[in-house]
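Go ahead and model the full structure; you've got the sequences and the hints to work with.
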Amino acid sequence: MFGLFKKSKDSQNGESTTEWYSELQENQQRWFAFLEKLEAKMEEFATAAIPELKEIMQSDDDIYKRTFHRVYSGVNGQLNNIREKARDVYEEKVHDVYYNLNSQISVLSKHHNLLSDFRSACSDRYNEFENKYDYWRKQIDKTQERDLETEYQKILDEYEAIKNKFNCTQCGGNIVIEKIFLIETYITCPYCQTQNTFAPSTLGRNLQNIARNLAEQRTAHLYEAYEAEKDKERDLYHQRHELSLSIIHEKDKKVLHEVQLKMDDLEEQRQFAIKNAPKLHQEYLRAMYDELNKITPDLKEHNEKMYQNQLQYL
Amino acid sequence: MFKKLFGALTGDKQENQNYETQTSNDNYENNYEDNYQEVEYDPETLHGTHYTVEDFDNEVAERAEAWIADERASGENLDEKDIQNIYFNYRRTVYTEWNNCDSDQMIRFEHANSLKYTGVQTSGFVKADDNNPFLEPVHGVDLRTYTAMCLKISAGIDYLEVCKAMGFEPAVWEELNTIWPQRMGEDTSFTVTTLFGQYYAENVTVPQLENLKAEISEEGAANLERIKSDRYFYEELAGARQAAYEYGIDGAQWILENFGINLADFQSVAMQWMTEQNQNWNSADITEFHDYQQQKQKEYAAKFAAEQGGNIADDVNF
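Residue numbers (numbering that gives the first Met the number 0), protein chains in the order written: chain Y, 0 to 313; chain E, 0 to 317.
Calculated directly from the structure, the hints in this document are not laboratory data.
Glycine included, C-beta positions come from ideal geometry on N, C-alpha and C.
One or more hints might be untrue.
[Claimed, not checked] Label pairs and their in silico Cβ distance ranges:
no.	chain 1	residue 1	chain 2	residue 2	range
1	Y	K252	E	T286	30 to 36 Å
2	Y	Q28	E	A72	55 to 61 Å
3	Y	N308	E	D284	30 to 36 Å
4	E	N279	Y	D116	47 to 53 Å
Rendered as structure tokens:
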């Protein structure tokens, strides 16, 4: 009787295991192949789009670069379309399949690990895909970078060229434009006191649009130092965590002591990083706003208020 | 029963609290027997009228400080953000307990009191305070008038026409258009920004600008009326516009060309829907409209893709 029972149970398991297991294997293989093809498409598309985008950025005369932004949105739309396709397939062919089978196969069953292995393998591969997506997104984002120093220099050059060329509309006297004006401004003629209106050129007006990005570009190294400190905190946390896991079953007192010392040291470093990061952040902000004030001194009052506000969120 | 008990109690806060805990328990039990307990809400603060706001704030503070003391005693380091978070959560707990309400009501309450409790305004609940330095008129032009000018310009009217109608030089407009946005950036309570949004939603105008009308076709006018009253139609166009951008098309321009609605009018209606949503927070509705917009976006995306020869990865299948 026992023998019969055992045999039928095994054969039952054996048959159904083969069924669903082969479905899992097939799904996994197809999922891997599918992602590989999508990744190839992403690479092909991005590699072709990036030089195009750079070209458009250069040739787009519009100060707001609207043509560039239209095309840029379209390019990201396509990349996103690929990403969503992957997500939809993951939902249907991995996630739903897993949960469906999971409700039928007990966690205690000796074959359940096949199911969980399926999910982790597919999920890990999916993460790889997502990383590749992030990589190409970043590359495409880079095409937004403008040669701001050159643009700024053009603005400065133009200012030098025109600053002595303005004449009063009433008496013809020469009025020196004392700084780069960002908007239409009233200037009083020093000779006849008539109010003249000085209208900055398109180039002059553009200074406002590039000022912040230029200031950020010039202080990017400080921002990176701040980001690195934040990453360091996470890294130290994980290192310490790994060590604490490693001693869970450790009985040797000497080893325990050594590992504990390392853990304490890592924790000290981590606490330092936690305190240091906001300081680096403030250093960056101060330097960035100093640059901004150099570029657009007219906006200093406003800039300082913005800087003070940002300190609240450190 | 709840009201009578509260009315009968005087003075001793300790007793009050015990009663409160007891009666809220009683409430839960009574609910099964007496069915629905009507809570009256103050129309402005959305607090239940069966308790005072002071009692509420004190209860929250007491629970929060007790928790904070516990955390600190066990060696936890709490910074400003953590403390704000603790208060935030206790406000939710006490409000829900004392009013026996659902989360939608709780969120409406949060919106009505966002400035008081979090220092940030919510659209639909902003009150313009005359003493607020951020709302000082600039060159005699207040925020409402500035918004009215912005609306005309976004509708497609030349800014020089608008200046002429207002009776001032373009240089003045440029100052307005510099200073008001600056204030929006500087105001950490977002009063200027949120109030601007509210005025935009109301499609405000001033007498000087009443005669300046953007050109709008008959079809455009009809569609505009429709997005104002038919939320589904609005969400469809919003989804279509988003899809257009994802296919490299200027979405706002596409709406103007295909439906005759200019950007200012469209955004004004968008703000109206958003404000109404804040004031009558209902999560079921919000989910429904969100899903509907997503669905429409997908449909229009397919149309645009077809027009452009398909998507890059159309030939890749599982």
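Structure-based check of each hint:
1. Y:K252 <-> E:T286: 30 to 36 Å: Roughly 58 Å apart at Cβ, these two residues miss the hinted range, so it is violated.
2. Y:Q28 <-> E:A72: 55 to 61 Å: Holds, at about 56 Å.
3. Y:N308 <-> E:D284: 30 to 36 Å: At roughly 35 Å between Cβ atoms, E:D284 and Y:N308 fall inside 30 to 36 Å, so the hint holds.
4. E:N279 <-> Y:D116: 47 to 53 Å: holds, 49 Å
Of the numbered hints given earlier, the model fails hint 1 alone.
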